[in-house]
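Construct the complete structure from the given sequences, taking the supplied hints into account.
Residue numbers (the numbering used here), protein chains in the order written: chain A, 1048 to 1632; chain H, -18 to 165.
Among the hints, a few may not be true.
To be verified - Cut-off 27 Å, straight-line C-alpha distance, at most; resulting in silico cross-link-like pairs (BS3-like, lysine-lysine):
1) A:K1234 x H:K0
2) A:K1338 x H:K50
3) A:K1347 x A:K1408
4) H:K60 x A:K1234
5) A:K1360 x H:K54
6) H:K80 x H:K118
Said to hold, decoys possible - Estimated spans, in silico, between C-beta atoms of each pair:
7) A:R1548 x H:I18: 42 to 52 Å
8) A:D1226 x H:N(-1): 19 to 29 Å
9) A:K1234 x H:L145: 26 to 36 Å
10) A:G1074 x H:I18: 35 to 45 Å
Said to hold, decoys possible - Listed next, the stretches of chain A that the computed footprint assigns to chain H, with coverage defined by at least 3 CB atoms under 8 Å from CB atoms of chain H:
11) 1157 to 1170
12) 1231 to 1244
13) 1353 to 1364
FYI, nobody ran anything at the bench for these hints, they're computed from the structure. For glycine and all other residues, C-beta sits at the position ideal for the given N, C-alpha and C.
Here are the chains, one letter per residue:
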Amino acid sequence: MKLNGGQALIKSLEMEGVEVVFGLPGGAILPVYDPIIDSPIRHILVRHEQGAGHMAEGYAHATGRPGVAMVTSGPGATNIVTPLADAMMDSIPIVVITGQVPSAAIGTDAFQECDIVGVTRSITKHNELVTSAQDIPRIIQEAFHIATTGRPGPVLVDIPKDLVDPNNPNSAMDWYWPDAVDLPGYKPTTKGHPRMIREAAKLIAEAKRPVIYAGGGILKARAAEALRELAELTGISVVTTLMARGAFPDSHPLCLGMPGMHGNYTAITSMQKSDLLIALGSRFDDRVTGKVGTFAPDAKIIHVDVDPAELGKVRRPDVPIVGDCRAVIEELIREIRELQATAGSGGTAQPDRSAWDAQLKAWQAQFPLRYEQGWGEGDALKPQYCIEALRDGSPEDTIVVAGVGQHQMWSSQFWRFNHPYTWVNSGGLGTMGFAVPAAVGAKVGMPGRTVWAIDGDGCFQMTAQELVTAASERIPVKVAILNNAYLGMVRQWQELFYEERYSEVYLSPDLPDYKMWAEAMGCVGMRVEHPEEVAPAIEKANAIDDRPVVIDFRVDWSEKVYPMVAAGTSNDQVILGPEMGEGGH
Amino acid sequence: MAVPTQPRHHILSVLVENKAGVLARVSSLFARRGFNIYSLAVAPTDDERFSRITIVVDAESSPLEQVTKQLFKLINVVKISELDPADSVEREMMMITVKAEGGGRSQVIELVDVFQGRIVDVGHDQMTVELAGPPSKLDDFEDLMRAFGISALQRTGRVALPKLERQPRRLPTSGLRAVSGKVG
Chain A
1048 MKLNGGQALI KSLEMEGVEV VFGLPGGAIL PVYDPIIDSP IRHILVRHEQ GAGHMAEGYA
1108 HATGRPGVAM VTSGPGATNI VTPLADAMMD SIPIVVITGQ VPSAAIGTDA FQECDIVGVT
1168 RSITKHNELV TSAQDIPRII QEAFHIATTG RPGPVLVDIP KDLVDPNNPN SAMDWYWPDA
1228 VDLPGYKPTT KGHPRMIREA AKLIAEAKRP VIYAGGGILK ARAAEALREL AELTGISVVT
1288 TLMARGAFPD SHPLCLGMPG MHGNYTAITS MQKSDLLIAL GSRFDDRVTG KVGTFAPDAK
1348 IIHVDVDPAE LGKVRRPDVP IVGDCRAVIE ELIREIRELQ ATAGSGGTAQ PDRSAWDAQL
1408 KAWQAQFPLR YEQGWGEGDA LKPQYCIEAL RDGSPEDTIV VAGVGQHQMW SSQFWRFNHP
1468 YTWVNSGGLG TMGFAVPAAV GAKVGMPGRT VWAIDGDGCF QMTAQELVTA ASERIPVKVA
1528 ILNNAYLGMV RQWQELFYEE RYSEVYLSPD LPDYKMWAEA MGCVGMRVEH PEEVAPAIEK
1588 ANAIDDRPVV IDFRVDWSEK VYPMVAAGTS NDQVILGPEM GEGGH
Chain H
-18 MAVPTQPRHH ILSVLVENKA GVLARVSSLF ARRGFNIYSL AVAPTDDERF SRITIVVDAE
42 SSPLEQVTKQ LFKLINVVKI SELDPADSVE REMMMITVKA EGGGRSQVIE LVDVFQGRIV
102 DVGHDQMTVE LAGPPSKLDD FEDLMRAFGI SALQRTGRVA LPKLERQPRR LPTSGLRAVS
162 GKVG
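Spelled out as structure tokens, the structure:
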């Protein structure tokens, strides 16, 4: 069958089962936008290419399927650089297709030319400049394979205009679809080494103070069920990192919640005092470890990751296991069962961990997360209260999407994540402005779910225009702006570490007028200033299902995120609140 | 076992797909960490789908291990081996143009002969010499030529392969420490 490159591209996406593409056309990608009209693939027209990238990410986060974005050359391509870097850091499978100037014009500084393959080399899992229309099906198939297997990540395919333009002979191709990918340099290891798994099972059986350190890899590997089985089989408590919130239910008695810079005291301290950390799909990020030299000093490490480069990158593991988290956990469970069976017939029994378990419970009781919402005249609205009210007033399987900063930390702390894939955020790159477009992508992928973006006022101003996309495409996402009129996290650091010298962090609560702005974008806009207005506003917002809703919560500007481990300090030094240490009034 | 003369120098032999842009992907991983590539040689292997890159890099072992792991993540990289200089054969080629006037001329010719080089071009007061061999031999020759005056010099960068087995009881892979390999 004779096709042109543009038709071949769209047909390849259909072959990959793509149901939606987020994008914005322009000169170089124009020929590809013509066959889209005849394709069953839904196209969502964004207002800025960064939005397309984050929507693809949000879609992938929520569904587990690769998100697809398509943009034009030059500025279209550079505008999607941030989402690519974001997806790279958080291992999100997305495929980005960029138009490129015609082959003959490459390297001539042509209009809207940019060497996007060069620009994105270090922020994609792989990228490719297509040089022949005949290669399009193969390269698209490889792109999806690479994006979704092993450690997932973003793949960019750059396609010169002449290869997709039916008026250009270079676009002629004979359609085919390869039976299988042939990538001699890409064979991810999925099955863990049996001897290492046996070693791990032995360490687990001997440990007195073990902790499971669950990371985002659990979610990528669809391993939440297996993790739960492992925890329940061994009785070992689980911390869930920022990228793993929801991978283990917060309601589970073995769940310790989030560790790290703004984690809770028990999660942080359990790791510090542990004698065995079972790291599953986690990467010893600096936000988790604090000062690496003093992190979990007595702990042996079992480290399971599909990416061999993670093993030993930060902390040398005693038992390194390269493999898919789910496959390895399942094998580990089998091995532990065998050990337990032999223990029953005269082998060594598991040490008594009741003192450790009691210690964990004591810490949880002594150091809960806390804040105080005052109900008197003039008492400011607390952001944490808004999040708890949202949580309590929304369906249990609501998907929560956050931007980056204080509101993100409070969301992770105060929501109760009891289902995997209900928490979408920008963890590694820390991309402000992530929430609104990612929420749109998540809602497109999971239309039956309630999707709340919890955003900061600073973040919201970066990408709010995608609510126009949401309104025009009838994607009823909900946005809670925790409006404290500041770049709050930066303000917090200036208060604590720069002697309250506030430099360029004030934003104003009223400029812009978020309610009017929301309405101008075709959304329902609301404003909430007092605690008693919170629940009714949320109830009203949750009842709206035909358009996006934005609530401007005017929250206490002075509220800070606690607990906190200051950057570069040891996880032994948890600042629990303003009464302790630096920044205490 | 011989002690390598330059302990911080590591030789990586990287088998890659023979495609546009692969060298840039490989070299940018070193550049990102501020590792200077000391020398680099690239050419297709006997199988034209693949090229072999021999990289000599100046780095401490532990960050290098991280770089090799990152290199291995590149889709176009098929196999990486670190070659132990003690267990590999290294060769390099050099062309050098030296001043060779009057009495110096015969001395240069004599040294070229001792080093088993070849004179490939002769001018009225200079000559160009080709010399191949172990990199240390090239270093020595370069030092000796300095006294006469070097007007141009180009080295190829080293290529290396693991030493072959002499004793059958030794393991067949000795000398080629597979850092990571994707193909069996």
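Hint check against the structure, violated hint numbers in rising order: none
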